[in-house]
Amino acid sequence: MTVGSEAGVGPRGKLTGRAGFLLVVATVLGVLSLVPIRELVSQRDRIADLERQAQVLVDTNDELRTQITALHDPAELERRARECLGMVESGEVAFVTTPRSGDAEPSDC
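In the numbering used here, the protein residues as written are 7 to 115.
Everything labelled a hint here was simulated from the structure, so no lab data went into it. Hints may contain errors.
[As the list claims (entries may be wrong)] Using C-beta positions, here's what the derived DEER-type ranges look like:
1. N67 <-> E89: 17 to 27 angstroms
2. V94 <-> D65: 32 to 42 angstroms
3. Q49 <-> R106: 54 to 64 angstroms
The C-beta atom is built at its ideal place from N, Cα and C for all residues, glycine as well.
Use the sequences and the hints to build the structure in full.
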């Protein structure tokens, strides 16, 4: 037995039929595995994006629940009615001022 034949290489340094077939099969399997790996990485990125979006929505819901709780407070309702709607109680006099520049900034109502 020659030294080269043990490694799948024939006596003249050429690949044997079996070694060539295994090389082709290994190459095809390697190429075919690239698509699922790419999909896996893409789906992991998509999951991470969706988890970030879900966290943003959870935070937004928490803020909205806080605002709902505040709107059940009569003092907060009165404050908003005065600031946002310009309402006054009977007997009070309302004064409206305008900025000199003419560009009024909107309130947080």
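List in ascending order the numbers of the hints, as given earlier, that are violated by the structure. Every hint satisfied by this model.
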